[in-house]
Amino acid sequence: MSGGLVYRQSPEEEELERKRLELADLETELVQKELDLTTLNAELHNFEREYTQIIGSRYAELEHIEAQITEYMAYLESSRGFRPSDSLKKLYREVAKRIHPDLVTDETEKNADNS
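If you're matching positions, the sequence shown starts at 1 in the working numbering and goes up one per residue.
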């Protein structure tokens with residue numbers, strides 16, 4: 001038998017050692033989580049930059065289209081009150097008479113329409 005002294009830790013010292021090991025594990029986990037967070041922040045920044053480039057151009061195109069729609073709607077509104085003049089009405093009737101198939105006076109044109 002050996003006659004040497006064996007040092008035994010008290011229960012408090014054992015608990016303290018377990019807590020130190022647990023703290024070291026938690027610190028390692030924290031470092032990994034901080035690294036993950038930094039990586040995610042970089043990925044998010046890249047996504048935001050790409051999103052802004054793509055969607056920004058789409059918004060510019062949308063604004064252009066909306067401006068065209070507004071312009072066209074204004075044109076339609078302004079043309080609602082259009083009233084043809086008497087001379088325009090008279091010209092329309094003359095053209096309609098000339099091209100109407102029932103009112104053709106030339107026999108060759110009548111026969112051409114019927115064939």
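Hints are computed from structural coordinates only; laboratory data are not their basis. Do not take every clue at face value.
Computed beta-carbon distance windows for the label pairs [to be verified]:
id, residue 1, residue 2, range
1, T38, Y72, 28 to 36 Å
2, E12, T38, 46 to 54 Å
3, V31, E61, 44 to 52 Å
4, T52, K19, 28 to 36 Å
5, A74, H100, 42 to 50 Å
6, E77, L40, 46 to 54 Å
7, E12, N41, 53 to 61 Å
Backbone N, C-alpha and C define an ideal beta-carbon position, used for all residues, glycine too.
Hint check:
For the pair T38 and Y72, the supplied restraint of 28 to 36 Å is violated, since their beta-carbon distance comes to about 51 Å. Range check, E12 to T38: about 39 Å between beta-carbon atoms, so the 46 to 54 Å window is missed. Checked against the hint of 44 to 52 Å, the pair V31 and E61 passes, with Cβ atoms roughly 46 Å apart. Evaluation of the 28 to 36 Å hint for T52 and K19 yields a failure: the beta carbon distance comes to about 48 Å.
Separated by about 37 Å at the C-beta atoms, A74 and H100 break the suggested range of 42 to 50 Å. Between E77 and L40, the C-beta spacing of about 52 Å keeps the proposed range 46 to 54 Å intact. Separated by about 42 Å at the C-beta atoms, E12 and N41 break the suggested range of 53 to 61 Å.
Going through the hint list in order, the structure does not satisfy hints 1, 2, 4, 5, 7.
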